[in-house]
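Asker: For the protein sequence lines, the chains are A and B, in the order given. Heads up: the first sequence begins at 1 in this note's numbering, then just goes up one per residue. Heads up: the second sequence begins at 1 in this note's numbering, then just goes up one per residue.
Hints were generated in silico from the structure; no laboratory data involved. All C-beta atoms, glycine included, are put in the ideal place defined by N, C-alpha and C. You may find that some hints are simply not true.
Unchecked claim - Computed spacing ranges between beta-carbons, pair by pair:
1. B:63 - A:140: 31 to 41 angstroms
2. A:91 - B:39: 34 to 44 angstroms
3. A:144 - B:42: 34 to 44 angstroms
4. B:17 - A:136: 52 to 62 angstroms
5. A:131 - B:43: 50 to 60 angstroms
6. A:9 - B:65: 25 to 35 angstroms
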Amino acid sequence: MSAFLALVALAFTAGLGGAILGLGGGLLIVPVITLFFHIPLRVAIGASLISVVATSAGASVAFVKDGWTNLRVAMTLEIATVTGSLLGSSVAGLVSPKVLFLLFSVGLLLSGYGMVRARRGGDKPVESDRLGRYLRLGGTYPTPGGEPVRYGVIRVPLGAAMMVCAGVLSGLLGIGAGALKVPAMDVAMRLPMKVSSATSNFMIGVTAGAGALVYMARGDIVPEVAAPIALGVTAGATLGSRLLPGMDTTRVRKAFVVVLVLIALQMAWRALTGGAR
Amino acid sequence: MSDDPELRRWTAALLRAGVLTATATLVLGLAVQFARDPSAYAARYARYGLGGARLPSGVDTLRRLPEGDPSAILLLGLLILTAVPLARVLLSLVEFARARDWLYFTITAVVLLLLVLGIVLGRVG
């Protein structure tokens, strides 16, 4: 019973922090659950994938309604991410837990680094290239009280390649991999920043969903573990997105970076001293 | 999607409804469990969660849904959650067909097939 409550509480905190800081789902959840609850990695990853589906769906609602999400880009690139996700989930059993722990460690450190670095300002929208035009990937985004702004999409193959990698990481580690999806769109394919975030959020649901389907069909989703985690994360993320507009996130950001680094070090330690399972 | 407010509204509604339904089902499952037999939860958590024992088949678990078996209710909630992205892709498929956008109908169909492949891979693997 107390493990149950602790699980919900921890998942809530992860969801809350994730929503406030735009941190990926899963990157924090899986390490914490395996480190502190001694739950085997594949059970933790399965539970995390389901939570990521929940938070992605919740977070997408507003962006979709307001017209930020680019459905055609999402659908096209989902071919890449879902393929990656199927690959990642399928080979997950073959990869040693040590390697996975180390991957989490690296991912957490990179996330922490990304959080302290200032974000680049927006670049100007571009015109679509041939493939972008053929696939009609360009779109518009809303401006407050003004004309919608047109934008185009370029370098689709590069974006797709990055998306495959993001998908593999998603299926392998049970994360959303938004940290790879967003640059695939805004840096590689030159979509506007907020459109990239919105579309990434949207795509994460299907990517993690693909992974979750594999894990569920394989019998790796344990309801007694996945349910409290999914509920905790969803509740935390809902609260977090309500609080976010009014918040100065700097201090929270700093506190979280410390937590991330500590967990990253723990994961690396476990991997190197044989405590990974 | 910025060119179709109808599709946007339906998609947003589907996402919200899916998460709410799933969440409510999970809460129900937990409530039933803890009202009836909290120790059974702890036992299953220890056996399948910590111990890593092979879970009973999903179909077998769901068969106990009519009796109000908590594990079945929880599994149902998780299934609904997992189905949300599938449903969303299906919705897009229908919309592209209605708009006679065959390029994107095909792209969406490929994604749907890949998702189904995932289920097959899981069962076989």
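Asker: Against this structure, judge whether each hint is valid.
Answerer: Do the hints match the structure? See the list:
no. : hint                             : in the structure
1   : B:63 - A:140: 31 to 41 angstroms : violated (50 angstroms)
2   : A:91 - B:39: 34 to 44 angstroms  : holds (38 angstroms)
3   : A:144 - B:42: 34 to 44 angstroms : violated (52 angstroms)
4   : B:17 - A:136: 52 to 62 angstroms : violated (29 angstroms)
5   : A:131 - B:43: 50 to 60 angstroms : holds (56 angstroms)
6   : A:9 - B:65: 25 to 35 angstroms   : holds (29 angstroms)
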